Amino acid sequence: METFWFIVVALVLAVYIVLDGFDFGTGIIYLFVARTEEERRLTLNAIGPVWNGNEVWLITAGGLLFFAFPKAYASGFSGFYLALILVLWLLMLRGLAIELRNHLDHPLWRPIWDVTFSISSLLLAVVFGATIGNLVRGVPLNAEGYFITPFWTTFLPGPEPGILDLYTVSTGILGATVLGIHGAYYIAMKTEGDLHQRAHRFAKVGGWVLIPIILLNLFFLKNVQPILSANYSAYPIGYTIPLAAAVALGLMLYFCQKGRDQAAFLASCIFILAGIGITAWGYYPNLLISTTDQSYNLTIYNSAASAYGLQVGLIWFGIGFPLALAYTIFVYRSFWGKVTPASLHESH
Amino acid sequence: MEAALLYDRLQFAFTITFHYLFPQLTMGLALLIVYFKTRAFWTGDSHFNDAARFWIKIFTLSFAFGVVTGIPMEFQFGTNWAKFSELTGGVIGQTLAMEGLLAFFLESSFLGVLLFGEKKLGQRVHWLASVMLFLGSWLSGYFIMATNAWMQHPVAYRIAEDGSFHLTSLWGLLTNSWLLWQYAHNMTAAAATGSFVMAGVGAFYLLSNQHTEYAKTFLRTGVTVAALASLLLLYPTGHGNAKQVFEHQPITGAAFEGLFKTERGAGLVLIGQPNMDTLTIDNPLTIPWGLSLLVYDELWAEVKGLDAFPRDQWPDNIPLLYYAYHIMAGLGTIFLGIMIPAWLLLWRGKLFKTQLVLWAILLITPFPYIATTAGWMTAELGRQPWLVYGLLRTSEGISPLVHSGNVLFTLIGFVGMYFLLGILFLFLFSETVNHGPASRQTPTDRPVEKLPS
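In order, the protein sequences belong to chains A and B.
My numbering numbers the first residue of the first sequence as 1 and each following residue consecutively.
My numbering numbers the first residue of the second sequence as 349 and each following residue consecutively.
Bear in mind the hints are in silico, worked out from the structure with no lab data behind them.
Note that the structure is a prediction, hence the values are computed from the model and not measured.
Among the hints, a few may not be true.
Computed list of lysine-lysine pairs in DSS-like fashion (alpha-carbon distance at most 25 Å, straight line) [said to hold, decoys possible]: (1) B/K467 - A/K338; (2) A/K338 - B/K468; (3) B/K564 - B/K698; (4) A/K258 - A/K338; (5) B/K591 - B/K652; (6) B/K467 - B/K405.
If we strip away everything but chain B, and leave its shape as in the complex, we get (with noise of 0.2 Å):
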C-alpha cells in the first residue's frame, strides 16, 4: 500500500505539472489574443490582424498539447483516487462537470470558429470568437480553482454517517473565501507566462534583426502586461494568499518559512536549508522581524512555529516545500527587477535599442513556467498530509484493489509519454516561432491571398 501511494501521487503530481505547463500559456494568451484581435477590429489595421494570427497559431499547439494531456487528470480521480472520488464527489463533482459543461464547450466550439472560420465567417465573427475562448478558459480556470479551493479550505460540506461529504451549498462552493486570492494569483500567474513569451519572442526577433515590425508590437504588448502582472503576483495576490494560509493552514505557513519555532518579531529567511534532523535553517541569510510584519503587520507579532502543533500534522516533504515557495518568491522578485525597467525604458523609448535589457528579457521567458510550478507545488505540497485540509488523509484516498505494479507500468508509460510530447512542443514551437508571424503562408502549399502590409 505504501507503494502504492508513493506511485499515485508521483503519477498525479507529475502529470499535472506537465499539463499545466500548457494551460497557462494559453489562458495567458488569449487574454492578448482578445486585445490584438479588438484592435484590429476597431482600427481595421491588419498588422494586428497578422500579428493575432501568429499568436492565434502559438496558443492552438498549446492547447493541442494541454487538451490530450488534461484528458488524463479527470480520468485519474477514478482510476488512481477512487476512494477520494467516492467520498468526495458529491462536492467537486459539480465544479467539474460544470467545467465541462459550462467551459470546455466554449473552448472547443469557438477555437474551431478561430482557426478555420477567419474567411468563412467574416472579422466579426472571428473577434466574438476570440472572446468566447478567453471567457471559456478563464472560466475553466475557475472551476478548476473552485475545486481546489475546497480541497485546501472545505466549505458548504457535511459528512454523511459513511465518511462521504455532501453539498450543502452551491453557492457557498463557488464563492469560498480561499477561492478569491487563489484564483486571481494563479490567473496573473497565467498573464504573466503568456505576456513573458511574447515579450520574449519580440525580443528573440529585434535582437536577431528580422520582422522587427511585429517585434516591437510583441515586446509592446508583453512588457506592459508583464510588468503589471508581475506587480500584481507579489502584491495584493501573493500577499493576500500568504496571509489567508496563515490564517486557515497556519503549520503550512510555518512550513513555508522554515520557521521550527514560535516566535515573537520572527524573521523572513530569504536563503537558507532547512535541516530536518536539528530542526533548524543551515546558513540562514534572514530579514529581522520580516515575518512578523508580512503576516500580521507588526513587528513584535507572535508567529506559531512548527513546534506548536503535533507532528502528524506537518506537512511530509518541508524542505521540498521551503524550497518550492522560495523558488517561487524569488522568481517573482527577479521579474519584478527585470520587468519594471524594461516598461520604464519602453515609455521613454528607448526599449528598442537597449540590447542588455532585450536581452534578459529573452533569458527570462522559461523563468514564469518554473515559478509557476512551483507555486502549485507551495500550495499542493503545503495542503500535505491532507486531500481535503484536516478532514480526509492523502493516504486514505487511494483506489483500494489497484496494486503499485500498475501504478509503477503507467507512471513509467507517462514520464516516456510526456518525454515525446515535451520534444514534440518545443521542436513545433520553435518551428512557428522561425517561420515568423509576417507571412501569411503556412508550412504546407498555400497561395498567399494577399501579401501583408
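So that you can see chain A by itself, here it is in the shape it has in the complex (with noise of 0.2 Å):
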C-alpha cells in the first residue's frame, strides 16, 4: 500500500512537472520569442486556460504527501522553510502577472507585469531543479527526522549543506534549461509565424546546450549520492527509465531538426517523466534521505499514515483521479490547434 502510494506521489509530480513545466518554460522565453503586443497576447492565451489547472496538481501532489506521508511532509515542508516561503511568493506573483496583465490597458502596466511573468517563472524552474537536486543529496535530518538547512553553507555537499550547492545549482540550471525548451516546443507548437520562428530557434539552439549540462550533472550525481545505484543494481530492469530518457532526448532533438514540433513536444514530456521516473527509481523507498545518518532517513515505511487511512482513500482516490484526468484532457481537447490572432477576440 505505501508503494502505490509512492508511485501516485512521484506520478502527480512528474506529472506536473510535464504541465506546470511547459508554463514555466513558455515565462522563460517570453521577452525573448514574443515582442510585439500582439505576439504577447498569443503566447499568454496559448497557457492562459490550462496554466491554473497545471499548478492544481501541484497542489494535489502537496496534499496527497501529506495525506499519505504526513511525517515525511512535515519534516520537508518545515526543514525547507525559507526557501518554500519564497517559493510561495515567486507563484503569487506569477499567477498575478499573468491573470492581471491584460485587465489595463496603459503602457507602463504591462511591461511590470511582462517582466514579472518571466523573472518569476525563470526562477520557479531554477528552484524546482534545485530541490530535486536537494532530495538527491539528502538533507541533514536528526533522531526526530527533522531538520533545516540555511540557504549556502560551502557551497559544496557534505554532512551540513545548504540548499544551494554545486550539485543543486547544477540541477537548477538544469532544471531551467529543460523547461525552457519543453516551454518552448509548446509555443512553437501552438504559434504560427515569427513568434513560431523564434520559439523553434530558441528550442533548437537549447537543445545542443542541453547536452553538456546533462553530462556534468551525471557526472556530479554519482559522485553526489551512491546510494541511488542500489535499486539499479539490485533490479536492473531499472535501466529501462534512463534508457527511455535517453531515446526521448535523441527523438526531441531530431523531429526538432525536423521542424516537427508537436512531435518534438510530445518527446520532450517523455523526457521529463523518464527524468523524475530515474529519481524515483533510485529514490524508493526513501522520501527524504539524511547526509547524516542513514538509519534516519523517512522512508515510506517511517512516515506513513495508518494502514485504514492508505487503504480508504483508494476509495476518492480512485474516483477522483480518473475525473481529473478527464477534466484535464477536456480542457486541452477544446483548447487544442493553434492559437491565432483572429482567436485574440473570441476570448471572453
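Bring the two chains, given one by one in their own frames, into a single complex with the hints.
Structure (C-alpha cells):
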C-alpha cells in the first residue's frame, strides 16, 4: 500500500512538472520570443486556459504527500522553510502577472507584469531543479526526523549542506534549461509566423546547450549520492528508464531539426517523465535521505499514515483521479490547435 | 519558542483571513452566475448572458487572488505547523487531498472553459461550465469545513502510542455532526457576501444613473438572495452553531457571551466590555434571561460560566473572542434590518425609487466581509488553546526547528505582499465596475461582435 502511494505521489508530481513545466518554459522564453503586443497576448493565450489547472497538480501532489506520508510532509516543508516561502511568493507574483496583465491598457502596466512573469518563471524553474537536487543529495535529518537547512554553507555537498551548493545549482540550471526548451516546443507548436520561428530557433539552440549540462549533472550525481544506484543494481530492469530518457532526448532533437514541433514536444514530455522516473526508481523507498546518518532516513514505512487511512484513500482516489484526468484531457482537447490572432478576439 | 509560537499564529491568522476575503465572494457569486446563465440558457435572453459575463469578470478577478493567496495555506501546514501536520496528517490529510483531487481540478478546468470557451464551445457547454464551477467551489468549501470541523470536534480517530491521530472511519470524518451546521452557516455567509456585493453594485449604478437595466437585474437578484441569506444566517444556521458550541465547547460558549459566573436565568449581553482583572463585563446592556432562553429554551436554565472550568482551558484571548462574536451577531442583525425592508420594497415595486434604501444597500457592501471574518475569528479563537479540541494544544503544533527570526521575516513579507495585493484588487475591482456590464469590449483592442440588446 505504501508503495502504491509512493508511485502516486511521484506520478502526480511528474505530471505537474510536465504540465506546469511548459508554462514555466513559456515564461522563460517569453521576453525573447514574444516581441510585439500581439505576440505577447498570443503567447499568454496559449497557456491561459490551462496554467491554473496545471498548478492544481502541484497542490494535489502536496495534498497527497500530506495524506499518505504526513511525517515526510512535515519534515520536508518545515526544513526548507525560507526557500518554500520564497517559492510561494514567486508563485503568487507569477499568477498575478498572468491574470492581471490584460486588465488594464496602459503602457506602464503591461511591461511590469511581463518582466514579473518571465523572471518568476525562470527562478521557479531553477528552484524546482534545485529542489530535486536537494532531495537527491539528502538533508541533515536529526534523530526525530526533522532538519533545517540554510540557503548556503560552503557551497559543497557534505554532511551539513546548504540548499544551494555546487550540485544543486547544477540541477537548478538543468531544470531551467529543460523547461525552457519544453516551453519553446510548446509555443512553437501553438503558434504561427515570427513567434513560431523564434520559439523554434530557441528550442533548436537550447537542445545543444542541454547535452553538456546533462553530462555535467551525471558526473556530479555519481559522486554526490551513491546509494541511488542500489535499486538499479538490485533490479536492472530499472535501467530501461534512463534508456527511455536517452531515446526521448534523441527524438526531441531529431524532431526539432525536422521542424515537427508537436512530436518534439511529446518527446520532451516523455523525457521529463523519465527524468523524474530515474530519480524515483533510485530513491524508493526513501522520501528524504539524511546526510548525517542513513538510519535517520524518512522512508515510506516510517512516515506513512495508518493502514486503514491508506486503504480508504483508494475510494476517493479511484473516483477523483480518473475525473481529474478527464477534466484535464477535456480542457486540452477544447483548446487544441494553434492560437491565431483571430482567436484573440474570441476570448472573453 | 514563545516568540515563534506568536509569529506562527499571527502569520496563519493573517494569511488565512486575507485569503478568505476572496473565496467567500467567489463561492457566493458562483451560485448567482449559475442563476444568470440558467435564465439566459432557458429564455435565450442575452441580457442575462451579458449580466453573467460581467460577474464572471469579477469572479475571475477574485478567483485569481483567491488562488494565489490559497497556495500558501496548504504549504503553511507543513512549513509552520510541522508537528501538527505530522500528528494529524493521518486524519485531515484525507480531506485536504480530497479537496485537491475532487474540487480544485473541477474548478480550475471549468473556469478556463468559462473564460475562454463561450464562443468556441457554445452556450450549452458554457452553461455546464458555470454549474461545474459552482459545484467545484462549494465542494472545496465542504472539504475545508470538514477539516475544520474535525479540529473543533474530533471524531472517527484513535491516538497511537507516539501521539499521532489515525483515522478509523472516513465516513465518520465526512459526516461529523459538527460539520452540518458549520458548513450551512459558512456557505450561507458566502451567498450573503456574493449577493450583498451584487446588490451594492446595482445600487451604485442606479444611484449614479448608469447601466440602469443591469442595475435593476443586479438589485432584484442581489436583494432577494441577500434577504434570504440574512434570515438563514440567524436562524437556523447561526442558532444551530451556537447550540452545538454550548453543548461540546461550553467554555467557548461562556467566553462568546462574556459569562464569567455560572448563572440560572443568564442574561444575554448585547453591549459591554470584558474586564479581565475583575472578570466582569463593564457597562453591560443585557436582555434578562436571554441566554438561558436562547441556548436551552428555558428562562431559568443554568448556563455554565467560565468559573466552572479550570483557567488553563480558557480561550487565551477572551476579550477578542467576545468582540468577534458580538460584531458577527450584531452585523447579522443589521443585515436583516436593511435587507428585509429592501426586499419588501422590491416586492411592492418601490425599491428602485427609494434613494435612502439604495444608499443603505450601497454602503453596507463591505460589511458581510467583516461579519464573515469576525465569524471565523469566533470559531478559531473559540477553539483555543487547542488545535484539536481537548486533545492537542496549539503550542504543541509548531515546527520544532523553525526559529522565530525566520517566521518574523516571512510574516513581514506576507504583510507587505498582501498590502500590495489588496490595493491591486480594489483598483482592478473598481476599474471593472466602472467599465460596467453593457459593453462587450474589454479594455483591450477587441472589436465589438454585436451590439448588446
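Against the structure, the hints come out as follows:
no.	hint	in the structure
1	B/K467 - A/K338	holds, 16 Å
2	A/K338 - B/K468	holds, 13 Å
3	B/K564 - B/K698	holds, 12 Å
4	A/K258 - A/K338	holds, 19 Å
5	B/K591 - B/K652	holds, 13 Å
6	B/K467 - B/K405	holds, 16 Å
Hint check: no violations occur; every hint is consistent with the structure.
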